[in-house]
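Sequences and hints are given; from them, build the entire structure.
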Amino acid sequence: MPPRPNGPRLSMKESMKQLDKKTLFRLLSYMKPYRLHLVFVFICIAVSAFASVMSSLFLKSLIDDYISPLLLESNPNFSGLLYALLQMAVIYVIGAFSTLFYNRTMAVVSQGTLKKIRDEMFEHMQTLPIKFFDTHTHGDIMSFYTNDTDTLRQMISQSIPQTLSSIFTVVSVFCSMLTLSIWLTLFLIAFLFVMFKIVGKVTAKSGSYFVRQQQSLGNVNGYIEEMINGQKVIKVFCHEDKTKVEFDKRNDDLFTNASEANKFANILGPIMNALGYFLYVLIAVLGGGLALAGVPNLTLTGMGIMTLGGIASFLQLSRSFVMPISQVTQQISSIIMAMAGASRIFSLLDAESEKDEGYVTLVNAEKKNGVLTETDKHTGLWAWKHPHKDGTVTYTELTGHVELEDVDFGYTPEKTVLHDITLYAEPGQKVAFVGATGAGKTTITNLINRFYDISDGKIRYDGINITKIKKPDLRRSLGVVLQDVNLFTGTVMENIRYGKLDATDEECIAAAKLANADGFIRMLPQGYDTVLSGDGSGLSQGQRQLISIARAAVADPPVMILDEATSSIDTRTEAIVQSGMDALMKGRTVFVIAHRLSTVQNSDVIMVLDHGHIIERGSHRDLIAQKGTYYRLYTGAFELE
Amino acid sequence: MVKKLMESIREQKKNSILAMVTISGEVVFEVIIPLLMANLIDYGIDMGDMGYIVKMGIVLLLSALGQLFCGAISGKFAAIASSGFARNLRHDMFYKVQNYSFSNIDKFSTASIVTRLTTDVTNLQNTYQMIIRMAVRSPLMAIFSLVAAFGIDTKLSLIFLAIIPVLVLGLYFIMTRTHPIFERVFRTYDKLNSVVQENLHGIRVVKSFVREDYENKKFTAISENIYKDFKKAEQQLAWNAPLMQLCMYAAVLLLSWFGARTIVACGGDAATGLSTGELLSLLSYATQILMSLMGLSMIFVMLTMSRTSGERVVELLNETPDITTPENAVKSVPDGSIDFEHVQFSYRHGTEGKPVLSDINLHIPAGATVGVIGGTGSSKSSFVQLIPRLYDVDLGAVKVGGIDVRKYDLDTLRGDVAMVLQKNVLFSGTIKDNLRWGDENATDEEIRHACQLAQADDFIQTFPKGYDTYIEQGGTNVSGGQKQRLCIARALLKKPKILILDDSTSAVDTRTDALIRGAFAKEIPNTTKIIIAQRIASVQGADMILVLDDGKIVSCGTHNELMQTSPIYREVYESQTKGDPDNATAS
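Top line first, the protein sequences correspond to chains W and U.
Under my numbering, the first residue of the first sequence carries the number 35, and numbering increases by one thereafter.
Under my numbering, the first residue of the second sequence carries the number 52, and numbering increases by one thereafter.
Watch out, some of these pointers could steer you wrong.
[Stated by the list, open to error] Reference listing, derived: stretches of chain U covered by chain W, where coverage requires no fewer than 3 residues with Cβ under 8 Å from a Cβ of chain W:
#1 84–96
#2 168–179
[As the list claims (entries may be wrong)] Label pairs and their in silico Cβ distance ranges:
#3 I77/W / D264/U: 36 to 46 Å
#4 Y458/W / R399/U: 24 to 34 Å
#5 Q192/W / K483/U: 48 to 58 Å
#6 G202/U / L105/W: 22 to 32 Å
#7 A659/W / P385/U: 51 to 61 Å
#8 E391/W / D264/U: 16 to 26 Å
#9 D442/W / F237/U: 43 to 53 Å
#10 V329/W / A322/U: 31 to 41 Å
#11 F237/U / P461/W: 30 to 40 Å
#12 F112/W / K54/U: 49 to 59 Å
#13 D638/W / T520/U: 35 to 45 Å
#14 D264/U / T538/W: 18 to 28 Å
Think of the hints as simulated: they come from the structure by calculation, not from any bench.
The beta carbon of each residue, even a glycine, is placed where N, CA and C say it ideally should be.
What follows is the structure, encoded as structure tokens:
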């Protein structure tokens, strides 16, 4: 869709309308697979509406065509009436079944549509760049799946059929009215116009309060979330009372806005009712006046005189006309909310996916006579498959050679946090980053796996610019153990297997043994089958870390990134983990970020970072000999004792 | 459950009752108006009596105004009452949670407390509004209409008595069948939410392992379950409307048939039998009666849907805080000495399972610096959390200043025992706002001084806005080490008698760590300091170092003593200084 010219001609209100229309059509496009269902629903609603209109028309004919003539007969014969009633009974039964059918079909349509939207949201979310998750709160994203989807459910399963049914009723009643009197119908239209103006005023008012209500609700919910998350800190600082006061302030604010918003929404119903009665009286007076004055009556069937019976019928019909309209207005607030929800959901769906222009892929390879060839078998040997413009394909063995050349990076264009980073990691080398917090250590690792893209310079992996490598393949070749451990609901075994989905139980256990996690896992109530929930909340920080190391181990990647991985395991456990890790690191390129210099001493290269610059590099011995920052850092901890 | 929830109505009782009373007024007008309309037709239009039309029209208009007035007023009261109920409920829950102890908080997950306070309350608010409006309106409407109908013709009104039970039974049948499905759907919804939540938290893991498709499958499977169950439930509910229509149509047909016969039999004389106008009124009452029964059934659906919310809210409200200030509480802490006497502790009191801490006996004199070292799961954190009485012991006693912590006023105790938690949190607000948590009256100089001790002043000065720098929710715009130092400064501002650092410098580099400890020794010598650490260097200079293993103090002494007596300590020490023999001898 081409971008709309955003000229000043469009007023705020108009552009809102435009936006809503677009949102509505987009929402409807999700129902496309249910076209046939919808056609069926359409027909059923029409039949059902027809039956209810017939019902109100029947009352007129009951009196005019049956009861009044029968009254005049001395020997009343009810067989005609019986026949008419039976006829109506058939129509009624058909009507009721149509109602059943459309309700049941709508259940399929609405739930199916919601499922489609839900699945698409989640699927799209998986493609979003890390930046999206770093810049949106989890609460905000969660509400796409909860509140916003819920408003859509309301609208699709209730508001839409209600509105459709009302439209059918209104149209058929309108046609019937035209056959009675065009003058009165015109009057009714004029009145409706006034009615809509009033309704528009009230809804606009309530709409603005609803917006405020949503704002205060967000405000209160945000506060709740933050405070409950920090509840233990609140306890430790005895800050309960102050938190309560602040909470009450926001809560009262929400109360004010919520009661205003709901007040207007609640008043709408009675207003519509009252207007309906006003209309009734006006038509009675006007119609009566016209009839008594003998004004010629124009109907669809031709000119005639205004009969009193006709006016009575018209009055009845006017009730059937106003009722569905007022029912639709009751739906307005839920439609407004749903549209707001839909546009939020679409904003998620429109968030730009991670771009992947890579074309170099990772394939299983085998070496025949010193030449790399692609194979389907899992050989343990991997190669980068590099198709060239001239149609030829070359294979490069995956060794884990990583090089950064003059890399600049900033999370925002205005602020560069890494400057001129150049470094080489030969296959199997261990590169450690040290430096004060905030020096940019974690940032570097975000760049190698392309969670963020660099602003300048080059990163090469086995000599290939990483922008040419397909992201999934690049990431598959990199193992990561992060500072914040995240486990998933499921058994311990499943969590380890997350690293390699087709790993056998034995492979998982072997990985756990390597990470030194096997011991404590066996102590758990159900061993490897113990179900972890709530991010492994039953485990200690260290135990969770051990599982995440096992998870990385089972993936068996040529390059590992350990981001402060060992900092919350106690030194005793760490020593044992370290020996496991050393075994795991063998033959792999490893990037380590750690605070304890003891864990980086055996690195091949240590990079000392300061304010985004590498200020020193070399082995532990070299750096100690240099007596620079590293030396001060290293000895600093001890000299104060 | 209902009783507990009703406690939160409080001052909204008046508004709620007013809403119900005024809505009854609306109902009365709504029952009268069809009669007036029938009269307008019967005697005005049909007779061609313009005067009557105008007269009746005015009465009708007045009634309409009356209905508008009652309806609007009732709508207003209902809006205020339901919003007020929600406010009170949120207030009660939030206050309750504020009184929770750590073990209460542990019992509910953070996410679940938040959902209860947000989504569940909104559900209950809607239900409450529905109840005070519909629950009065519908039965009243049914009763008034029924009375009016009986007033017109007793015999014909018996038709209603035949049809109402059919409708009620039918609705009951539908409800009992849909209820369990709805309950299941809501449980599945929880599962869906937890998948999304875990995915959000672990998005870096998902992306690193390229598990997007795997996650999609997991999500789609649950999404499919919701689709199936919800579809099934809605399809069951779909019987509601046609059932209602069938009953109504049956009533119309029966009324028409018997009504016509009655009218014809009596010659349309209202005095002896039934007039046509009266028949029309009966028919419109039929609609009103059945519609209101339908409304009642919708209330049941709402109640079904919000029952789970109600249960979840009440569960939170009924949780009794297990740590409270005792009567005649001690209001001041004499000094910073700490005693553990035969302490045994477990997180789930009374239930079987190994205690987390057992037989801890210890005296820490005021002003001492105590280091705590121990492996993962050795209960270091549990040990220190007993001091500010964040948890209660199972057996034995913990004493601060020689007095059992259970005898203190909680605010007094925790005001003098400052603790920097392992999992710490900063709140949205400026750095100053955050630091003032420690002491809300702290001057700028005091704040600066505390930050200097915690080695936070330097980096704060580098921020363009210095101490007025805004901290984002969760402290995402400061690094882990900066956050830890801010948290220490915040604790220092309390000017506590006891300061506990639970692995609070793990993300701070070694040099800064040493500077912090140096500042403590110089500036707050009289404060008892308990430092849990992984690095031996962090505790090496302490007056006393405790080595915890498996919930027991296995060794206790100074660095030099422990190097001699504790193999665990020596092992840890050597592992941390290996590869640098010069240093090992230097200390």
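Taking the hints in turn, this is what the structure says about them:
no. : hint                        : in the structure
1   : 84–96                       : holds (count 6)
2   : 168–179                     : holds (count 5)
3   : I77/W / D264/U: 36 to 46 Å  : 40 Å, holds
4   : Y458/W / R399/U: 24 to 34 Å : 54 Å, violated
5   : Q192/W / K483/U: 48 to 58 Å : 50 Å, holds
6   : G202/U / L105/W: 22 to 32 Å : 23 Å, holds
7   : A659/W / P385/U: 51 to 61 Å : 54 Å, holds
8   : E391/W / D264/U: 16 to 26 Å : 20 Å, holds
9   : D442/W / F237/U: 43 to 53 Å : 51 Å, holds
10  : V329/W / A322/U: 31 to 41 Å : 36 Å, holds
11  : F237/U / P461/W: 30 to 40 Å : 53 Å, violated
12  : F112/W / K54/U: 49 to 59 Å  : 57 Å, holds
13  : D638/W / T520/U: 35 to 45 Å : 39 Å, holds
14  : D264/U / T538/W: 18 to 28 Å : 21 Å, holds
Violation of the numbered hints given earlier is confined to hints 4, 11; the remaining hints are satisfied by the structure.
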